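Quick note, the sequences are listed as chains A and B, same order.
The opening position of the first sequence corresponds to residue 1 in this note's numbering, with each subsequent residue numbered one higher.
The opening position of the second sequence corresponds to residue 1 in this note's numbering, with each subsequent residue numbered one higher.
FYI, nobody ran anything at the bench for these hints, they're computed from the structure.
It cannot be assumed that every hint is accurate.
Computed beta-carbon distance windows for the label pairs [what the hints assert, rightly or not]:
#1 I55(B) to Q319(A): 33 to 39 angstroms
#2 A423(B) to G167(A): 40 to 46 angstroms
#3 V316(A) to I55(B): 31 to 37 angstroms
Lysine to any residue pairs mimicking SDA-like chemistry, simulated, CA-CA at most 20 angstroms apart [unchecked claim]:
#4 K280(B) to A328(A)
#5 K280(B) to G334(A)
#6 K182(A) to P40(A)
#7 K322(A) to S279(B)
Just a sample of chain B residues kept apart from chain A, beta carbon distances all over 10 angstroms, derived [stated by the list, open to error]:
#8 D76
#9 F221
#10 D222
#11 A304
#12 G350
Note that the structure is predicted; figures quoted are calculated from it, not measured.
Glycine included, every Cβ here is placed at the ideal spot set by N, Cα and C.
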Amino acid sequence: MTDVAVPITTRKDWASDQEVRWCPGCGDYSILAAIQMLLPELGVRRENTVFVSGIGCAARFPYYMNTYGMHSIHGRAPAIATGLAVTRPDLDVWVVSGDGDALSIGGNHLIHALRRNVNIKILLFNNQIYGLTKGQYSPTSEQGKVTKSTPFGSLETPFNPISVALGAEATFVARTHDMDRKHMQEMFRRAHAHRGAAIVEIYQNCNVFNDGAFNAITGRDNRADMLIPLEHGQPIRFGADGQRGVAMPADGRLQLVDVAEVGEDAVLVHDEARDDPGLAFALSRLSRGPFEPTPIGVFRDVQRPEYGDGMARQLVDAQERKGPGDLASLLASGGTWTVG
Amino acid sequence: MSTVIPRQTKELDRVVVRFAGDSGDGMQLTGSQFTTVSSLFGNDTATLPDFPAEIRAPAGTLAGVSAFQVHISDHDILTPGDAPNVLVAMNPAALRANIGIMAAGGTVIVNSDAFDERSLDKAGYEANPLGDGSLASFTVYEVPMTSLTMEVGKEVGVKPRDAERSKNFFALGLVSWLYSRPVEPTLDWIAKRFAGRDDVREVNARAFKAGYHFGETAELFDSNYQVRPAPAEPGTYTNVTGNTALAWGLIAAAQQAKLPLFLGSYPITPASDILHELSKHKNFGVRTLQAEDEIAGIGTAIGAAFGGSLAVTTTSGPGLDLKSEALGLAVNLELPLVVVDIQRGGPSTGLPTKTEQSDLLHAMYGRHGESPVPIVAARTPSDCFGAAVEAARIAVTYRTPVILLSDGYLANGSEPWHLPDLADLPAIDAAFATEPNHTDDEGNPVFWPYERDPETGARPWAVPGTPGLEHRIGGLEKAHGSGTVSYDTMNHERMTHERADKIAGIARGIAPVEVDDPGGVGGAPVLVLGWGSTYGAIAAGVRRVRARGLAVAHAHLVHLNPFPANLGDVLRAYPTVLVPETNLGQLARLVRAEYLVDARPVSKVQGLPFRAAEIEAAVLQALGTDTSVHGDEGDVAS
């Protein structure tokens, strides 16, 4: 690494020469644009930036970035990114995944990357449907969902990605949506600034197989009443005039309240840095789905030793203790004898 | 004053000792220490650990018997011996499980304390074999090892129950006396191994000495034995197991390539010891990651390879199944990767602690699509070192995943190893790309990740962090040269051939297969073709055939894909080709398909390596000679 100033770049510098081939109107376009416009602001280098993806519509993302990238296999991106991040702490490693990729076939890798707190930034494009395979239900599809593979309705209880991440000991957990570039960029910026594993769930519209899945909460006219912005240290309020809020009465169950009724002091103050993930988890359960007022923003942002740093420290410690490795001594370490 | 009756020490040229007891009796430890001492003494040694999959099967049962066989000799040997001359049986189950493989007239030393009614019953004996004459063809020594060890414990003030656990050291002491092994190395080892646990160390050391003195003073044995050092090439030697040698080979390869070593691995028998060994050597800059599953083991390794590490994943058969998809990705990515498969009995969970060579076809073909992967196989425990270096050399040079095959027998077996001169290790050049390698239509320098080296067919390895070489790779088919996604049908055919040609072309950089045929290639009527861990048994079997005045040739493959360029000519030079494998004929099938030769499989799938006698019998049969092979005649000198 040199001290030469990071060159000033624009969105164009971060876009590859490949034609973007998502369906017209896909929410992925706005997420790609948000990233390509944000990265020039982060003061990072293209050569030190890597996007790793699995399989799915979102997984095409790396091909459209003029950075290093790998479009890998279904569900394995967090594992591949882990190997890269722990051996190359100098890199910014982003994982682009979807609800099927991250939560179905790749669920195991996702939870363990979060648990280990590897320095990777996971963007989870959640459209609640399988797009690339043309419209089967996903692990985040709502119960009763009628799809090609569930003509009589899905029987399955969906995953709540925020709850899953918190249960997996994630140190940074956030949610945003594809209709609000500014909010997306703020979440991505925060994720990037976090040392450790960060996951950002992005409600993303699949206009072909699940159009309007999030309209009830992310539609321009609905947002004020249906999205609950989480801001650290601030009372959790929403509505056009902040007239509604989240409160925790004595029974410990979160409730949506009219602020005027309960009084401002009764409104819960968000604390994303709280070590105990209980409150963040409760917030993640506030909404049963994107048809009720739903929190967005940073649920949790806490510090814990980063995995690759710990690994590097063990190497340094071992060298200080034993000196640099000497192969000849190693081969003789089990005792030797000499002939002749 | 006790009188020690001076007894004679008889000379032996070789002996096979088998220590057998309960899983909890420490037989593996006892056997490996006896091996180490014998190696240090200068004998040639070869070992066969043979233990159950259960950590602790019910005590005293046949299922729980753990054994360690060691062959020591005053000459060059190649196998752990076909039939033990001495069996140390710590309980009735150990006797019952092993007596059938003993050499005729062998010696049996039993822990007589363990032959109570209950233990006999557990082992399935209706009558006590020590009293019913069933062991009449053996020389049996009954030694009350448990009670004598507990006496020792009393002296130290250790509870009888704890002291009893040191009885394996009593046995080790007794056998050490019986074969005139020096005591100091074992006492030193006990002191080191049990440092900080004073009671345990003291009881073990005293039990060992008690066993030694028991042999010396009890008027039970009329003689003891000596096996003189074997003549060996001048040099420095150590005793090494296959898994340790393999781990060290990976470290050596990383040094040769000047790359950091990364291991992503999920614990699995019998490969876990490589993970254990590498995780100890962080001062070599080795990063090890115990992944959440087999897939993540190879996944993290692929990520590390992309970042410029010498990346490795280690596993056994079931894990290789799980890694198949990611291995295919690595084929398409064309990144260096070493996949180590320590084979065991299959299918499925199979025989986790028993050896087999039945993953060859899986290594060769176990992926969808046209997905060629080079295969390298180790042939002896110490050869695992060089095989690891060779696998890494191919991986880095040709930018490809390589499968390195070892097996349970090599992994846990040990042998003396003439330490290599490190200056002789092959050069491995990572040769990272640093500059654009192509010009676009407008004359601008650009980087093409699939612009191949004209000689090796390898693509450039450009690691993240290199300015100007940003590129994307992935599982989708890529356009030749530029590496952009391509669905073009003719491009796919071209890339399929480019990948296949690259792997086939590795043959140009490997040594021709050597043929051990005193009459020159084609001189003998029969060629025995082997690969992997059958080396010792084949070489020993071939010596035995030759000792009868008959001609037979032996060739052994290190490279299974591609084959050495001369292999077809070698095979066609012999009217009969035998291929002994611990599978149902996988290499035989490959060479038949490749060269249209009538290679005949010689199969064994018992979870155990071939015996020299079995190879000898197969060759004699092929030669049309008398096929009667007498028990264990040992490894005859070459």
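Here is what the structure says about each hint:
no. : hint                                   : verdict
1   : I55(B) to Q319(A): 33 to 39 angstroms  : holds, 35 angstroms
2   : A423(B) to G167(A): 40 to 46 angstroms : violated, 54 angstroms
3   : V316(A) to I55(B): 31 to 37 angstroms  : holds, 35 angstroms
4   : K280(B) to A328(A)                     : holds, 16 angstroms
5   : K280(B) to G334(A)                     : holds, 14 angstroms
6   : K182(A) to P40(A)                      : holds, 15 angstroms
7   : K322(A) to S279(B)                     : holds, 14 angstroms
8   : D76                                    : holds, 12 angstroms
9   : F221                                   : holds, 28 angstroms
10  : D222                                   : holds, 31 angstroms
11  : A304                                   : violated, 4 angstroms
12  : G350                                   : holds, 24 angstroms
In this structure, the earlier hints numbered 2 and 11 are contradicted, and the remaining ones agree with it.
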